[in-house]
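Spelled out from the first residue to the last, the chains are:
Number of protein chains: 2
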Amino acid sequence: MAERSTTECTSKLNAIDDALYVIGGKWKLRVIASLREGHKRFNEIQRVSVGISARVLSNELKELEMNGFVKRTVHTQTPVVVEYQLTDYADTLGDLFLALAEWGEMHRDKIRRER
Amino acid sequence: MAERSTTECTSKLNAIDDALYVIGGKWKLRVIASLREGHKRFNEIQRVSVGISARVLSNELKELEMNGFVKRTVHTQTPVVVEYQLTDYADTLGDLFLALAEWGEMHRDKIRRER
DNA sequence: GTTACCGCTAACCTTTTGTATAGTGCTAAT
DNA sequence: ATTAGCACTATACAAAAGGTTAGCGGTAAC
Numbered sequence: 005m006a007e008r009s010t011t012e013c014t015s016k017l018n019a020i021d022d023a024l025y026v027i028g029g030k031w032k033l034r035v036i037a038s039l040r041e042g043h044k045r046f047n048e049i050q051r052v053s054v055g056i057s058a059r060v061l062s063n064e065l066k067e068l069e070m071n072g073f074v075k076r077t078v079h080t081q082t083p084v085v086v087e088y089q090l091t092d093y094a095d096t097l098g099d100l101f102l103a104l105a106e107w108g109e110m111h112r113d114k115i116r117r118e119r
Numbered sequence: 005m006a007e008r009s010t011t012e013c014t015s016k017l018n019a020i021d022d023a024l025y026v027i028g029g030k031w032k033l034r035v036i037a038s039l040r041e042g043h044k045r046f047n048e049i050q051r052v053s054v055g056i057s058a059r060v061l062s063n064e065l066k067e068l069e070m071n072g073f074v075k076r077t078v079h080t081q082t083p084v085v086v087e088y089q090l091t092d093y094a095d096t097l098g099d100l101f102l103a104l105a106e107w108g109e110m111h112r113d114k115i116r117r118e119r
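Protein chains in written order, with this note's numbering: chain V, 5 to 119; chain B, 5 to 119.
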């Protein structure tokens, strides 16, 4: 019984780790935000995400794609055009973002009050 | 109007960053879990958090204290005894953890199904 | 025909984060 | 007297994350 609850707890901790992993890091949120605002092209996203390098943006987009948040479409015209778009699945993050933002704001206010 | 919503959005992103910062990293969750289970002493927490080094645990506890999640009490007997306990404020994380765990589990299942 | 934009990638460097090992000063048990 | 536990800190190192610079092959504009 105690064992089961420990196992349960560990699997919850791992689930939280997974969640933190996919939205963590310095840029994922910003890239998602930029896509939410309707930016679709690589260089466009880079310009909007001030400070990000091409290398890092490339990696972030790949990870976001692997996690099913982003769809990458190559239009084989000349010149070749690549489009990035958020998937419907990306919307499942909505509530999480809300919860995080709310708690974060509350916490910042608290820390500020204490000084 | 567009400007205001951009500003709002940026401040939300920062709030999310703050939230991720205070619960992020490899050990914070595990340490909190150990404290939840009632462990109060430094070495006890270290034993339970398998793999953590004293240096890292020391840092984590300091950060958790700074963020108001942990109370550190020194009992000046001989030998000196130090007690760590979660504060009431730490409970405000409850809903966030739930949301994270839920989303994380859902996401893991989804990724698994796709292979 | 040089310049500039597009969507990247490679090589390398720095910063951040976490690990390993040892050791401090204290007490208490063997 | 040695050993072990407590609560740490110091030093050094390794791994991961992120940043910098340069360049590729293409098109399109001047």
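Keep in mind that the hints were calculated from the coordinates and are not lab data.
A couple of the hints might just be wrong.
No copy is singled out in the list; a pair is fine if it fits within one copy or between any two copies.
With a straight-line Cα cutoff of 30 Å, these simulated DSS-like cross-link-like pairs (lysine-lysine) come out [stated by the list, open to error]: (1) Lys66 <-> Lys114; (2) Lys114 <-> Lys44; (3) Lys32 <-> Lys16; (4) Lys32 <-> Lys44; (5) Lys44 <-> Lys16; (6) Lys75 <-> Lys32; (7) Lys16 <-> Lys30; (8) Lys66 <-> Lys32; (9) Lys75 <-> Lys44; (10) Lys75 <-> Lys114; (11) Lys66 <-> Lys44; (12) Lys30 <-> Lys44.
Each hint tested on the structure:
1. Lys66 <-> Lys114: between (37 Å within a copy, 18 Å between copies)
2. Lys114 <-> Lys44: The answer is between: 25 Å across copies meets 30 Å, while 38 Å in one copy does not.
3. Lys32 <-> Lys16: Both: 23 Å inside a chain and 14 Å across chains, each within 30 Å.
4. Lys32 <-> Lys44: Cα proximity of Lys32 and Lys44: one copy only (15 Å, versus 36 Å across).
5. Lys44 <-> Lys16: between (35 Å within a copy, 22 Å between copies)
6. Lys75 <-> Lys32: within (15 Å within a copy, 33 Å between copies)
7. Lys16 <-> Lys30: both (24 Å within a copy, 15 Å between copies)
8. Lys66 <-> Lys32: both (11 Å within a copy, 28 Å between copies)
9. Lys75 <-> Lys44: Answer is within; shortest intra-copy Cα gap is 10 Å, inter-copy 47 Å.
10. Lys75 <-> Lys114: between (39 Å within a copy, 16 Å between copies)
11. Lys66 <-> Lys44: For Lys66 and Lys44, only the intra-copy Cα distance (14 Å) is at most 30 Å; the inter-copy one is 43 Å.
12. Lys30 <-> Lys44: within (20 Å within a copy, 33 Å between copies)
Violated hints are absent here; each numbered hint is respected by the structure.
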